[in-house]
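K.L.:
Residue numbers (our numbering), protein chains in the order written: chain A, 1 to 308; chain F, 1 to 236; chain D, 1 to 224.
Treat the hints with caution; some may be incorrect.
Here are the computed distance ranges between Cβ atoms for each label pair [said to hold, decoys possible]:
(1) 228(F) - 166(D): 22 to 30 Å
(2) 81(F) - 134(D): 33 to 41 Å
(3) 243(A) - 81(F): 29 to 37 Å
(4) 243(A) - 176(D): 24 to 32 Å
(5) 143(F) - 109(D): 26 to 34 Å
(6) 271(A) - 166(D): 23 to 31 Å
(7) 286(A) - 103(D): 50 to 58 Å
(8) 197(A) - 80(F): 54 to 62 Å
For the record, the hints were derived by calculation from the structure and aren't laboratory data. Please read these numbers as outputs of a predicted model, since none were measured by experiment. Cβ atoms here follow ideal geometry from the backbone N, Cα and C, with glycine treated the same way.
In case you want the letters, here they are:
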Amino acid sequence: MKSGSNLEKVLEAGHFAFTGEVGPPRGSNVEAVKKKARYLKGMVDMVNITDNQTAMVRMSSWAASLFVMQEDLEPNFQMVCRDRNRLAMQADILGAYAHGIRNILCLSGDHQKFGDHPYAKGVFDIDSIQLVALIKKMRDEGKFLGGADIDTPPKLFIGAAANPFGDPFEWRVHRLAKKVEAGADFIQTQCIYNMKKMREWIHQANDMGLTEKTYILAGVTPMKSLGMARYMKSSVPGMDVPDEIINRLKGAEKKKQAAEGIKMACEQIEEFKEMKGVAGVHLMAIEWEHKVPEIAEQAKVLPRPVMN
Amino acid sequence: MEISNIFSSALLYNLARGPLVWISFLVFFAGSIFQILRILSLTKNDERIGIQAKDSKNKKKPAKEKKKEAILSWFQQLKLTIVGVSPIMIIVTTVFHICLFVVPVFLLAHNIMLDDAWGLSIITFSEKTADILTIIFLATALFFLLRRLFVGRVRSITSLYDCFIWIIATAPFLTGFLAYHQMFDYRTVIVLHMLFGELMLIAIPFTKFTHMFFFFIFRFFVKSEYSLGKGNRSWY
Amino acid sequence: MVKSERKPIEEIKDSIKGYKNILNIGCGGCSSVCLSGGQREVNMLNAELNTLFKAENGSQKIDGYTIERQCNAKYYYDLPEILLNYDCILSMACGAGVQLAAEIFSNKPVFPAVNTVSIGIDRDIGMYEEKCRACGQCVLGYTAGICPVTRCAKSLFNGPCGGTNGGGMCEISNEIPCAWHDIYERLKEQNRLDDILKIQPVMMWQNQVQRTTIQEPYKERYGK
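Make the full structure from the sequences, and use the hints.
P.N.:
Here you go:
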């Protein structure tokens, strides 16, 4: 066991993992965090706590993670490279581990231009792959990046993100290889709509032997409406939404679009269960946390395994 | 035979108003076209670099920028150009070039012959107007000569070629003026006028008179810091 | 060369308010090349400012003088005498030139009239692209000559982030190409993809401290 986190235990035991996501509030509202967490309790193995997502200032990920832990849910502490330099990163990692956080996800972070402070200085002292390598060094060698010994090294389960769809497509699996080489224990992908490309990417990853070295969790986001599908297709960077998705939603009546979206998500989850190389699904029900129990039920991923 | 007799001889007279007219215009047109094509072939049209997205999904047109009120009036802007640096020279050369073009084209004497020969009847100046314009032209030509001889920085780069060029440009007008006023022996002067005119036509494409076309090509079609148009050609 | 852009006229006018006789010093180096602060631009700015001054009160006046370069002290030789008649300097040089002018004429206020943008290249007349951020640790050798610090919005050293749009554009704008997409394409063309297959270690940022550069052959002169 590298970290002893719940997710690690579930994956090591060979179960199909099911994780969720929660966005912290745009303020110090503790109840808001706990309320969202309560919806996911018992539904997921671990929940991502986003870090200033889309560069909008929110309660920090580690703080929200602590409240989530109070609700008996295991958090996945996200850290973006946009907001911290290597000193602050190492310090926060030590603090998070000391408080009981056992999973961490390393991300580059959306550019500050997207958020509410567009002219802030984006730190980007190190990039996400270097961050993965940094945490691995802290955990396995017990040393800081600068080389000095750590008093009680943090044992974290290290995760990284992957986008199977960005251009250049042929390069994406090599970037995945770099993340695995740097030490990523698990990978969460961006939300997938283009299943064809996903199958191709997983196939390449299998061929390169990457799926044996790391656990890949496929990202799924159910579409709430046709408007959301159209928005994601045109305005969200790195998103690949094929026309079939749009057409299926168009075919449904306005009130039934959400149900159709959930149905499509569950179909994807069924396919991922059978797909070689996919170790689980990461459900991103953005601002739709109250629907997670229903989706988990329909996707037949309940009950979640209880690991000791 | 004396020199004046040579110029008043029937042979030269008939040559000057006959075949030499054709030859000189032919050389002028052919030479000019050749020079224009040559100079254009030394440039190429650059792809205009636009700040356009590769396959723009953003269909919104950029908001029209409010046109800022210019702080400087057109006159103040003009003063910031060469017009402000050497105003007298600019005025003189403008007058010179206007007269250079306008006087031969709209001269009564020329247009009578044009009407006789080709049936083309174009507008003309009155003789008095043409006369005054010629005097103005000669005055500006004199200004150029004096400038070239007495302004230090211009004299230092002057050579015999420049003096000949001045003569070729001024002589047709001077001889024309003298002929019209019937000073000296008319026959000699008119033959000289025709010969100088033909010489000037032939000289245009093959001397620095090519600035007649090159000015427009360089200022309006070739891009540079000082270009006046939106030309997009650059040198090879 | 260093590329700069003239500040908005209101900002310039605001910074020199209160000074009666202003000297606008132009720069014949980078500012001239990128058409932001050479002699022509000095004359243009002076004409505009004098017009605005006249419209207001007529107590302020600005004259111009362009020197070869403002980044080398020896080109300032004829300025001390000229400056006796002026109580303030407006400089159209890049940030380095303004600072040297302020150092040499430490008893006179010096105001910048241009914003220094970057080290860049000339694309076309009047159009300049930023190419270098002077990080001090050039990695262009392994990124096919495309700078990840400058051209990548997130200064990533290991390949593109997940935000690359269709068509290879950066997530922040449809008009900015993704640097890592271009790096990949160019390395592929040259068969050098191995350069970015290995993990590039963390950058040791050299540009966090003001640097004085002494070239190797001259180190002895300065006792190094």
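K.L.:
Are any of the numbered hints broken by this structure? If so, which, sorted upward?
P.N.:
1, 3, 5
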